[in-house]
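Residue numbers (the numbering used here), protein chains in the order written: chain U, 11 to 175; chain B, 11 to 175.
Hints are supplied without guarantee of correctness; some may be wrong.
Because identical chains cannot be distinguished in the list, a pair is counted as satisfied if it fits within a single copy or across any two copies.
Mimicking DSSO-like on lysine-lysine, the simulated pairs with C-alpha atoms at most 27 Å apart in a straight line are [as the list claims (entries may be wrong)]:
(1) LYS95 x LYS23
(2) LYS159 x LYS51
(3) LYS51 x LYS23
(4) LYS78 x LYS159
(5) LYS95 x LYS51
To be clear, the hints were calculated from the coordinates, so they are not data collected in a lab.
Number of protein chains: 2
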Amino acid sequence: MIDAILARRSIRKYTDEPVSDEHIRAILEAAMSAPSGMNRKPWHFVAVTDREKLDRLGATTTSWGMLKEAPLAVVVCGDPGISEKYWDQDSIAALENLLIAVSMLGLGGVWLGCHPNPERVGPVREILGVPEPVVPIAVLSIGHPAEEKEPRTQYDEERVHRNAW
Amino acid sequence: MIDAILARRSIRKYTDEPVSDEHIRAILEAAMSAPSGMNRKPWHFVAVTDREKLDRLGATTTSWGMLKEAPLAVVVCGDPGISEKYWDQDSIAALENLLIAVSMLGLGGVWLGCHPNPERVGPVREILGVPEPVVPIAVLSIGHPAEEKEPRTQYDEERVHRNAW
Chain U
11 MIDAILARRS IRKYTDEPVS DEHIRAILEA AMSAPSGMNR KPWHFVAVTD
61 REKLDRLGAT TTSWGMLKEA PLAVVVCGDP GISEKYWDQD SIAALENLLI
111 AVSMLGLGGV WLGCHPNPER VGPVREILGV PEPVVPIAVL SIGHPAEEKE
161 PRTQYDEERV HRNAW
Chain B
11 MIDAILARRS IRKYTDEPVS DEHIRAILEA AMSAPSGMNR KPWHFVAVTD
61 REKLDRLGAT TTSWGMLKEA PLAVVVCGDP GISEKYWDQD SIAALENLLI
111 AVSMLGLGGV WLGCHPNPER VGPVREILGV PEPVVPIAVL SIGHPAEEKE
161 PRTQYDEERV HRNAW
């Protein structure tokens with residue numbers, strides 16, 4: 011069953027098929043089932059299907075070009091006004107849930123880092139109208155996969171310590 | 011299949027049964043299958059099964075008492091020396107993978123926040139010998155569940171924005 015976690019790979023190529031509203035709802039339900047400090051849920055999600063907005067997001071930085079082909083982006087935002095300490099950690103837990111759900115549904119997605127790069131946060135904030143103090147942490151590019159990758163772990167014994175460093 | 015994500019709940023009560031080495035290996039494989047910026051994998055994991063160390067961790071702060079009953083803790087650490095920008099985000103993605111794997115295997119676990127609380131980071135660093143600049147981000151308390159919780163989402167339409175805020 012853990013295979014479902016190992017099967018999540020970064021998918022950057024998509025078919026033309028749109029992502030259905032049912033799938034968008036399902037991946038957001040998975041995201042919002044993440045744990046959060048004091049259960050404050052300091053997250054917001056902007057689901058972008060508008061072609062012009064996707065193209066503008068894709069022009070933000072050279073490494074985001076796949077957004078120009080993607081039918082969906084989900085921008086994961088954290089709100090320090092809701093949880094000063096854990097707004098970023100909790101939002102990333104929700105993000106990872108969402109990516110696993112994408113894979114489980116037969117969709118494909120890739121995590122594009124935004125925060126803490128001001129030259130990315132600024133344009134994303136402007137394109138989507140994200141208000142202060144909310145921070146766009148990451149952009150997830152999502153679609154129906156047009157590439158296949160094998161499941162894999164990257165298990166490395168050197169990163170594992172037993173009872174002490 | 012997304013049900014497996016919704017089924018992950020915070021489990022704070024455990025039976026006396028130890029967590030097997032096979033299960034420890036499996037949850038660490040799941041953790042290390044997470045994506046990371048530039049695939050740098052800036053994470054480390056300290057698997058603690060030593061009773062005395064678990065008890066000392068459990069005495070760090072009043073909200074960590076369940077560690078005194080838990081047969082296993084996994085301390086998730088991030089290394090800014092490996093990824094200056096994404097050490098914390100990538101380590102949290104691995105953490106969330108690990109928590110979902112725990113649930114999938116029929117184990118139970120709960121995320122105990124450590125960073126950015128110096129009064130927690132300091133003792134954890136000292137008890138486990140975590141070297142600078144590595145940061146103990148969170149402690150996961152894990153065991154065989156002695157409590158049951160229903161799957162649930164916390165879906166909130168107010169946190170969802172379509173194409174713009």
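Here's how the hints hold up against the structure:
1. LYS95 x LYS23: between (36 Å within a copy, 26 Å between copies)
2. LYS159 x LYS51: between (32 Å within a copy, 19 Å between copies)
3. LYS51 x LYS23: between (31 Å within a copy, 23 Å between copies)
4. LYS78 x LYS159: within (21 Å within a copy, 42 Å between copies)
5. LYS95 x LYS51: both (12 Å within a copy, 23 Å between copies)
Of the numbered hints given earlier, the model fails none.
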